[in-house]
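Asker: Protein chains in written order, with the numbering used here: chain A, 1 to 313; chain B, 314 to 588.
Please note that the accuracy of each hint is not assured.
To be verified - With a cut-off of at most 27 Å between alpha-carbon atoms, the simulated DSS-like pairs for lysine-lysine come out as follows:
#, chain 1, residue 1, chain 2, residue 2
1, B, Lys582, A, Lys53
2, B, Lys363, A, Lys80
3, A, Lys80, B, Lys337
4, B, Lys337, B, Lys393
5, B, Lys393, A, Lys80
6, B, Lys570, A, Lys119
7, B, Lys434, B, Lys348
8, A, Lys53, B, Lys583
Derived from the structure by calculation, the hints contain no laboratory data. Because the structure is a prediction, the values reported are computed rather than measured.
The chain contents come next:
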Amino acid sequence: MADLSVEFCGVHFQNPIVLASGVLGVTADSMAQVVRNGAGGVTSKSLWPYEHKGHPNPTIITSEHWMLNAVGIPDAGPEKAREELARYREVCDAPFIANIVGGQMEDYVAIAKEVALMKPDLVEINISCPNVEDELGKPMACSIAKSSEVTRLVKEALAEAGAPHLPVVVKLSPNVENIVSIASSVLEAGADGITAINTVGPGMAINIETAQPILANRVGGLSGPAIKPLAVKYVYDIYRAKKCPIIGTGGVLTGRDAIEMMMAGATLVGVGTAVWARGQEVFGLIVNEMNEWCDANGVKKLSDLIGKAHPKN
Amino acid sequence: MLILNTLPQVVKIKKIVQENEQVKTFVLDLSLGAKPGQFVMVWLPRLDEKPFSVAMDNGVELHLAIAAVGPFSNALHALKEGDQVGVRGPFGTEFACEKGQRLLFLAGGYGAAPLYYFAHKASAMGCQVEFVVGARRKDLLLYTERAEQLKNVHVHVATNDGSAGFEGFNTVLMEKVVEDAEAEGKPVDCIYTCGPEIMMLKAAQLAERKNIAAQISVERYMKCGFGVCGNCCVDGLGVPSCVSGPVMPLEKVLQLKDFGKYHRDHLGKKQYFNF
Numbered sequence: 001m002a003d004l005s006v007e008f009c010g011v012h013f014q015n016p017i018v019l020a021s022g023v024l025g026v027t028a029d030s031m032a033q034v035v036r037n038g039a040g041g042v043t044s045k046s047l048w049p050y051e052h053k054g055h056p057n058p059t060i061i062t063s064e065h066w067m068l069n070a071v072g073i074p075d076a077g078p079e080k081a082r083e084e085l086a087r088y089r090e091v092c093d094a095p096f097i098a099n100i101v102g103g104q105m106e107d108y109v110a111i112a113k114e115v116a117l118m119k120p121d122l123v124e125i126n127i128s129c130p131n132v133e134d135e136l137g138k139p140m141a142c143s144i145a146k147s148s149e150v151t152r153l154v155k156e157a158l159a160e161a162g163a164p165h166l167p168v169v170v171k172l173s174p175n176v177e178n179i180v181s182i183a184s185s186v187l188e189a190g191a192d193g194i195t196a197i198n199t200v201g202p203g204m205a206i207n208i209e210t211a212q213p214i215l216a217n218r219v220g221g222l223s224g225p226a227i228k229p230l231a232v233k234y235v236y237d238i239y240r241a242k243k244c245p246i247i248g249t250g251g252v253l254t255g256r257d258a259i260e261m262m263m264a265g266a267t268l269v270g271v272g273t274a275v276w277a278r279g280q281e282v283f284g285l286i287v288n289e290m291n292e293w294c295d296a297n298g299v300k301k302l303s304d305l306i307g308k309a310h311p312k313n
Numbered sequence: 314m315l316i317l318n319t320l321p322q323v324v325k326i327k328k329i330v331q332e333n334e335q336v337k338t339f340v341l342d343l344s345l346g347a348k349p350g351q352f353v354m355v356w357l358p359r360l361d362e363k364p365f366s367v368a369m370d371n372g373v374e375l376h377l378a379i380a381a382v383g384p385f386s387n388a389l390h391a392l393k394e395g396d397q398v399g400v401r402g403p404f405g406t407e408f409a410c411e412k413g414q415r416l417l418f419l420a421g422g423y424g425a426a427p428l429y430y431f432a433h434k435a436s437a438m439g440c441q442v443e444f445v446v447g448a449r450r451k452d453l454l455l456y457t458e459r460a461e462q463l464k465n466v467h468v469h470v471a472t473n474d475g476s477a478g479f480e481g482f483n484t485v486l487m488e489k490v491v492e493d494a495e496a497e498g499k500p501v502d503c504i505y506t507c508g509p510e511i512m513m514l515k516a517a518q519l520a521e522r523k524n525i526a527a528q529i530s531v532e533r534y535m536k537c538g539f540g541v542c543g544n545c546c547v548d549g550l551g552v553p554s555c556v557s558g559p560v561m562p563l564e565k566v567l568q569l570k571d572f573g574k575y576h577r578d579h580l581g582k583k584q585y586f587n588f
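For reference, chain B alone in the conformation it holds in the complex:
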């Protein structure tokens, strides 16, 4: 760990793709060498700066899938191609796999973006990926068409209203896919998950019950991004999730006192999840 210079670089937005009514992909004209699972801080002068997971860093461009959910992301959505933003990073840990493994990805909402990036890498490493994606309804699904085009990546869709794929929660579909893989005689080697904490909790519980390895993207309120401010420290281990995470192995996640229970706001106050 040696992060010395964290001044933002200001770059042009090369392209903006409207993915669905909530999410736009911002293609930035630089590479930071970011790995799947890592995040960058995006800065708009005199407004704010927030962390976003990387949807792709292909050595030339950096892709960020950003949902308009608050004042900052709304301001980002108002930008046009050619406008400038500041970025610093990459920060945090990455998803990792081994050659030829069978993997299960569980993505909820825009958690699909970093897992899509990881699917690229896993596919290139000869892994077989069962990519379980969930959304409230069909038109909120993210990156499923792109993921389907990757070699050895099978997309399994769940929607709450049944407008596409399985009707119900993707966690139910996940269990079925894991059991089908077992029945085939080629069980899942590792579960990867990114999205709402209740969904990730279910993935962690399944992995523990079935003794499958898992890597979980633990999202906490991050300010500095490099382990100094202390706002994103997780209870139990006491480590900053921006440095020791966001991607943590199941063994670590099981030691967290807050996982699946609460996160902390910008003041460090506990905010309990309402599942």
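One chain only, chain A, in its complex shape:
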């Protein structure tokens, strides 16, 4: 059996598979169950500094090759988040990544201060949700100035709230001209790592009998196996340029997919949409498949594979 553990921004994970934000992340018990099913850590659904309504249903639809979601990041606010994280700590030891979001810059500061007191293991800044575009979405994700500003403000807020060493990763959108330049700017602004990528698009599906878009929000973020090559490429590009800690996310369904993502440069691998294809048990299935692959290929330590697809020099 290979050593599957990894260190990410100073945090120890028993294995590199983490629940990606947005899936099964509403309650502590649900996230603890993801760990019982085999994940090395979890990411919460995006936390707002106030109650935030999502979109009406349908919010998630799938075909054989993709998923479209426009859940609209519903959240009950910090009080609920505090209670759920406390409960998670009671029932689960695996690292907890608090994903935060806001409608404007001040919101990120406010939720960062709240979250600092909840003591997660890492903070992930969501600047890239494609289905709340009116509020933030593209304007922030595509702007070097704004994405680095939000990173700097969150770092400062965490420090002010007494958590200066809490590692921060920024979740980037693939819908940008140059993802490497955004990654560089947020790292320069103080980010400790990068999550790449958020969902692609948005995309749309139309029911032809009624000639109506199916999602109530009309458009939604595209995920699933269809986006994996894009995610692998972006992780590869960011790693090549920055050699920073990366959570590689996008279309990972199997152990082979996860290993591919690590070879591109990911230390942790986010898994979300795969629950649609392989059920709640998918986390353990992927971990077992990684382990079997390592055994079959004489790999003793999984972390040796990080960035292996890059030229040696």
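Put chain B on the given structure of chain A with help from the hints.
Answerer: Showing chain B alone in chain A's frame:
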């Protein structure tokens, strides 16, 4: 578990039956192979999509008993025969029994619809069904006349105001029926329940006390229907009730921290039951 394509199919409403002042049965022109206890998502473009338990899927038609209780179900009630709706599914777990068993069904309000469908199946499997149905008053009873026509299905009615059958809660009547069955020397093998959570809690407590198996339809706020969004996860087990439920065996329900205490709203916030 392998649910890949969840795009809605758009179908015609073949027939609409007004069951009582609140409930209409919508007969849809398709079969999804749905089993008793499972649910489907019903979609009205540009408005919303909600889960509804299946009142019958006979291989040709899908029946849904829908009460007008909010903006979405009111909009459904405004539809006419020949209009179209979207459906996807079926989702979730089903009620199950074994041949020749004696079963007790406890239904409250429109919880009678999925249990009526299950009574069909149980009757065909040679089971004897004690079907305890409750409503606030006589004219709100659902599917009792249809259930009475099924072989070996005995309907026991309770109304809060005594306008039909036993006067009082159906949970009181349930206890009496269970005890009568014991006295007859042919005790109930399993209790099945669907309806308000306080009623189901009483059924679970009775089943536990008397060491009778039970299957309980745990209703939570469902969005996707296939275990991804996480909104319907139950505390204690942490599993999505849309996949690991709605029908759960008593052993699982006893492990839930929220059952009989609270459910979560569309934001995931706890909403405590006011019993």
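Asker: Hint by hint, work out which the structure violates, then give me just those numbers in ascending order.
Answerer: Hints 3, 5 not satisfied by this model.
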